[in-house]
Every structure is written in C-alpha cells, then in structure tokens.
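There are 2 protein chains.
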Amino acid sequence: MSTKPPSGTRDFLPDEIRRREHVIGVVRDVYERYGFEPLETPAFENIDTLLGKYGDEGNKLIFKILRRGEHEGSGEADLALRYDLTVPLARVVAQYQNELPKFFKRYQIQPVWRADRPAKGRFREFYQCDIDSIGSTSTLVEVQLLGAVTEVLSTLGFHDFEVRVNHRQLLRSLLVNALAPEAQYPAILVALDKFDKIGREGVDKELIAQGISEAVRTRICNWAGAAFRQDWLDKLEPQFPLIDDDGRAAFENLRQIFRLSAEMPSADRLRFQPSLARGLSYYTGAIMEIAVPDLAGSLGGGGRYDNLIGMFLGRDIPACGFSLGLERIIFVMTERNMFPPGVARSAADVMVTLWNEQSRQDAIALATELRHSGLRVDLYSEAHKIGGQLKYAVGRNVPLVTIVGEDERARGEVKIKNLLTREEQSVSRADVGGRLREILASNRSASK
Amino acid sequence: MSTKPPSGTRDFLPDEIRRREHVIGVVRDVYERYGFEPLETPAFENIDTLLGKYGDEGNKLIFKILRRGEHEGSGEADLALRYDLTVPLARVVAQYQNELPKFFKRYQIQPVWRADRPAKGRFREFYQCDIDSIGSTSTLVEVQLLGAVTEVLSTLGFHDFEVRVNHRQLLRSLLVNALAPEAQYPAILVALDKFDKIGREGVDKELIAQGISEAVRTRICNWAGAAFRQDWLDKLEPQFPLIDDDGRAAFENLRQIFRLSAEMPSADRLRFQPSLARGLSYYTGAIMEIAVPDLAGSLGGGGRYDNLIGMFLGRDIPACGFSLGLERIIFVMTERNMFPPGVARSAADVMVTLWNEQSRQDAIALATELRHSGLRVDLYSEAHKIGGQLKYAVGRNVPLVTIVGEDERARGEVKIKNLLTREEQSVSRADVGGRLREILASNRSASK
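Residue numbers (the working numbering), protein chains in the order written: chain E, 1 to 448; chain L, 1 to 448.
No wet-lab data here; the hints were simulated from the structure. Please note that the accuracy of each hint is not assured.
Below, simulated BS3-like cross-link-like pairs (lysine-lysine); rule was C-alpha separation at most 30 Å, straight line [stated by the list, open to error]: (1) E:Lys417 x L:Lys102; (2) L:Lys102 x E:Lys385; (3) E:Lys53 x E:Lys197.
Remember, it's a predicted structure, so these values are computed and weren't measured experimentally.
Bound-form chain E, shown alone (with noise of 0.2 Å):
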C-alpha cells in the first residue's frame, strides 16, 4: 500500500509548516490592522450550496460525499468539499443576517479542493486567504482592499510586485467602441487577458483565429496594449465616441481608486492595466491583480462582484473581494530566500542530555526549570552514549545541549555545549538558564 499522500495532495513537515505558519501570521496581522474579522466555515458544504456555482467545469472539479449508512449504496452524494470561499460566505451572509455588522468586512484562511489535474504547483487541496468587504459600494472598500493586500506583501518582503487594476465597465466600452461583435465578447476578453504574457502579436493571433477584422483587432490592442499608466485612464476615454454613463462612471471609478490610493501603501504599487480582465465572470466593477516577475500565473486577484453575495437572500448585496494564494506566495519565497532566518526554526533551543539512567530525575528537573524560564526544551530520553545524544541535537538543529555527568553533578554545575560553535562552558546550575538565553541571543546575532 503506497504510504504517498493523496494525488495532489501534501504532508507538511515542521519546516514546511514553520515557513507556511509565517505567512499566514502576517497575513492575518495586516487584516486584522485593516479592521477584518475572521471566519471559518466547515470543510464540506451541502451539494446543493455548491453545484451550479462554478459553472460546468468547476461542477466537474468538486469533491462529492457519499452519503452514508444505509444510502451508502445509492452512490449519491449529499456534501462536497469547499471549492471556494465566496460561495460560504454567501451563505454566512444569508444565514447570520440579523447577527452581522451592516457592514461585514471578514478574512477568511482556509483550504479549499478542487480535483484539477495536480502538476507542478498546482493541488487539489491548497489555501485561500480571501478578504472580502460585504454592504458598501462605497470606492473606499477597493482603496483599503488594495493597501491591505500590498501590505501584506510588503511585509513579507516583496518590493518588486505590481498591483494592476481594470474595470469590466471599461472593458465592455473598448469592445463596444472597437465594434467587436458582441457574441464574441467573452472569447475577446480571455484572449485580451493574456496580453502580458503573450504580447500583442500573441492576442493578434488569437483574435485573427476568432475572425475578428483587422480593424477591430488593431482599435482593441491599441487601447489595451498602449502603455500601463495612471494617466492613459485621461487619454483613453476621449478615445471611446460610443461610451456610455456605465463606461464614464468605470474611467471615474478608476481614477477615484488612484487618487485615493496616494496616501495607501498601495501608492506606488497600481498599475492600470487596460487588457486585464480575469476569468471569474462574477465581476461587476474594478478588477485587479497581483503579478511578480518571476511568476507566470498572479500571486492573487480581486475586484468587485455585486450581484453575487446575496445569491441565497435573493437580492443583491454588494461586494468586494481579494483573494492571495498561499501557495504561490510561499513558491516565490522559497525561490528567492525570502523566509527571516528565525522562520527556520530548530525542534528546541536546548536538548537537555542524559547521562544516565540514575540522572533521569535531574534530567526532568532541568527541563522542567528551563521551561519555565520560557525555553523550548527537548529532553533526550534513554539513556544512550553522550555521543549518539549530540549527534542526535545536531541532526534536529538543537543549537545548545546540556550535560550534566559525574563531576559537574559533584560541582553542582551544569555543562553548556554550544553546537554551532562547538564551545563547551560550565555554570553552576543557577546560572544556566539565563547563560543558555545569553549564547542563544548572541547565535541569532550572530546568524543575521
């Protein structure tokens, strides 16, 4: 029997977890700055919650439940594993109406499934840490998603990534003012949405495959390719004869998100990016993303949806929403050795040693006292040759180990044998725990 995690699945080692535990950490410190309050819902939602939501290929993506006991047989499901966070905190929204703040504005880290094809990067179980502003249509929830979300990236220590911003009311102006056949919206838009990774000849070709004219085609990379640039949201809307009051109100909308992002950490960070235009066919108002060099795919995207929230009440609420991807978060780290050295932390900072099986009382008053001084204390448990038990620390990062053999017991000392540096010291057994404090201080200053 193959003891592998599932397919596309993984098993997180100490290390692993100490790494992932660090980025979730900041992430939900910066929300919780930005006045988000946590909410965790259950791993499996009814099916009926679930299907439909996703159109028919996340339909296909779902975990399905058996039912269980007697209906085992029937080959039914009646639960599936969450697929999102968005379809569950509608439901939270329908359900605790009376209980939330008029204004809800939740974060939300937990993992969600979906039975993709697993490859490199991709997984069928992975995390989500979504923040959503629910009630306000207000631009301020875009401006405060957008300085939380560049907030935490900053802090985790990303200084090269951009936040690019568009607008689905602005993208249907381009395609109206470009005369592109409406029927061919969508298709236009998942080629438009590659521009940055494809370039203009690369969506040129796509759309020539779709048959668009040649006139349509050089009007739509025109506008969506010409240059990345705040002020370009001014030169284009002369550019569209056909706009609308949704259209003016989109190019108003974006140029409010920019002016009002001056004083956000987000300032230097937003881009206007006319070709993006995300997959979710749920947005209503600004869309953005987060994109890093070095990354093909977006370390997470957002924007406003405000027909969806409500879908349970039967009336719309609006909403707006970002959602970073641990996982591709953590991939850029690791790539970049962007992880603190104190991240990479060691099983203990002391292993107390054993000297023998008459020393075992010593040995658990010893640790008991270093713990209680704050220390976190491995105490090896049999009796083995002092040599195995060092190797042993040094094989779990332990930098410090004591000893406490015969004469140091009859001097009423114990031995501090630092392994990193491979100094050895005694002190009376008082001092100890301050003096393990005073060499762990002096390694991580050391370490920097």
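For chain E, the structure is supplied; the task is to place chain L on it using the hints.
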C-alpha cells in the same frame, strides 16, 4: 435552500474564532516548549489507508469521497476524510522514515470528520490536538507527555482537573487475578471504565448482566474501586498472586511515572485509577485521561501504543500519545467564563469616521498613519450621518472613534470619542496616535 451549515458542522463567527485561536495558541506554545514539532496532513487520505483501521463501527463513520469524472457514476469512493490524526501519522512515519529524526515528537492540530449522529457537544467536524512521541520506550516519554498536557490546561486556567493514569497490563493482571473468564475481558473492561460515572453498584449491575460470578465481581470491584491514590499501587500488587512479568512491569512502570513526575507540572494532578480502561484497543502500556468535575466525558486522553505506528512499515515502532479535545476544552471554558478579557477582541481598536465625501482623502491618510503606528483601524466607507457611524462602531464593539469635522479640520485637530466612557477630547493631528494608545491602555487596565 437552507443556508445552515451541514448537519453536525458549524460556522465560526469572529468572537468564536478568537476563543478558538486563544486555546490553540496556548496548546501550540506549550507543545513547542516541550520540544514537539508541528505536522499537518491532507484533509483526505486514500480510502484504503483508513478503511479497517477503526473497527466496523468506525468504517461506517468515515466520510467517503466519490470518484470523479467518468468514474463518478460508479458510485465508488477512492478517498476518505481524515478520521483521526493517528493513522495519518503512521503513514507519515512510513513515508518519511529517512527524513524524520530517530525520536519523532510531533504535534498536530487539525480537524477530523466522523459521521456520528450529531448531538449536543458532538460534532461531525471537530478539532483534535495530538502530541505523540515516536521511537522510544522510555518512561520519560510518558512523563513528558503528561507534563505537557497538564501545563496546557494550567496555562488555560484549569485548576481542578485530574489526570487519571492506569496501565493496560495492570488491568490484565487484575482480570487474571480476579479469575474472570478470559472471553469476557473486553466486556468487563467496558463496564469497569464507567466506574467513576456509574459507581461500584452500576458496574456490579453490568457485570451481573454479563453473568460474572459474585466472587469475581467482588474482587474486580474491590481492586478497581478501592482508592485513587498513588500508594495504592504498592498495596495492590501483593494482592495479585497470579501476577506475571508483564503485570509486575506494569506496576513498576506506573510507579516510575509517578516518581519521575515529581518535578513536573503534572506532579499534583496525577491519580492512579485502577478502573480506567479507555476504549481504544490499540493501547499496550500506560493509559491516561483528563477529567474535570463538571464534564461527563474527558478533556482528552492517551497512552502508550507500541504496535500501531509501524502498521504501514510492517514492524513495531514504540509510540506514546495524547489527544486533547479542543471543542470540550472550549465548551468548559465558555461555561465557566474562563477566557481572559483580551480574547474578546473588538473588530478594531479605533474607527475613523468619514465626515463627507470631500474628506475621504484625509480620512484615508489618518487611517493609514494610525495603522503604521500599530493600531487596528477600521475606516467607515460611506459619508453617512455621524450618529449612524457611531452606532455602527458601538455595534462592532469598537472602543474609539476619530471625528474630523469642519472645526477640527480648520484647527488641525482630531476629535477622539471614547465609546466606553463617552468622553471626548480634541488633540492635534500629530498627537492622535499616541493619545489613542494611551486611552486604549487605560481602558484595558480599567476592564481588569
């Protein structure tokens, strides 16, 4: 369509999550101080990994995941949701045997899923907090585990729990020496385990129902219920004339656990309870359980199980573990009002109100500044009447708001309103962060 979470599962709104995070934080911190390292495994396992590991009853309670794509119609399951944290650990030990240290001490805090009939306090999705020490038969392992779980509970504020300890081989000796019929050992142990709930008479009644003779019943109940004191260990052994080597080793093992725990936080908590049997059949040595007066079930339990962790390797690997039940701990702490005041965190430290549309830029700048100073800041996103904004802040338990009206703006000031004391004060814009922190600190010390 119902918007409730699926039967037996729960949505966790912010206040509840903060309580859960508090408990998980303490568990994690204490386990780390004892040298345990974190492990996480996928939510589902290949179905063959789980089937047959939890008995017939367990098999029925496993949530099974339908095969996907063309195989979906077959009604077959190929995956199953994690049922406990022990079988995944056994798989991990087999899979990573060359990477893991000789003694692998891991903690794992993750949800498990069981299709039990939901009832008050019994959920289909619940968290387990497990620690296990793999690879050593030393009694120090039990002693350290008991110290760690005791310290978790003490740190959480429990002061009236006891850690009941017994030994599987001692139970066997008890039954042998009571001349109980061997075929009935399992049923007798089930009855015995209820001693502290249903008393001697209750146990006697159950044994009568099983046709156990009076002489046997008397011996069992005398021995098992006599006294819950450590020195009873010494009194009990001589009463077992038919004791074998395993039985003698069990007595000695328990005596060592008590003796070596003298310097541990568990010292005053341990209690020898000869009626403790614990349900799981896989224990081979010491068994333990934590009880509090006002809860029928236990807060957690564990023991030594030397024949299980190697199941995927085909050889025995010694192991000893303990599992704390997060939901029960939270249940008792909530009932007893044991959460420190700081855990009930408001949505933000301060809310920046929005005077009018024209002041959006200023409001954003103020919110950004305050966040940089480390405060958790919500920004009201619509220019509603100030009264409504204050009401919203009160509803979210935000203690402080800032207001910048025309007057304040003209004077370069910010008005701070303390929603707890209803006091107002205007401070210069430069001083607002510092003043807010002072007020928060004095609010906090007032609430203690």
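Exercise. Are the Cα positions of Lys102 (chain L) and Lys385 (chain E) separated by 30 Å at most?
Worked result: Holds - the C-alpha atoms of Lys385 (chain E) and Lys102 (chain L) are around 15 Å apart, at most 30 Å.
Exercise. Is the straight-line distance between the alpha-carbon of Lys417 (chain E) and that of Lys102 (chain L) 30 Å or less?
Worked result: holds (21 Å)
Exercise. Under the criterion that the straight-line Cα-Cα distance not exceed 30 Å, is the pair Lys53 (chain E), Lys197 (chain E) satisfied?
Worked result: Holds. Lys53 (chain E) to Lys197 (chain E) sits at ~29 Å (cutoff 30 Å).
Every hint, counting from the list given before, is met by this structure.
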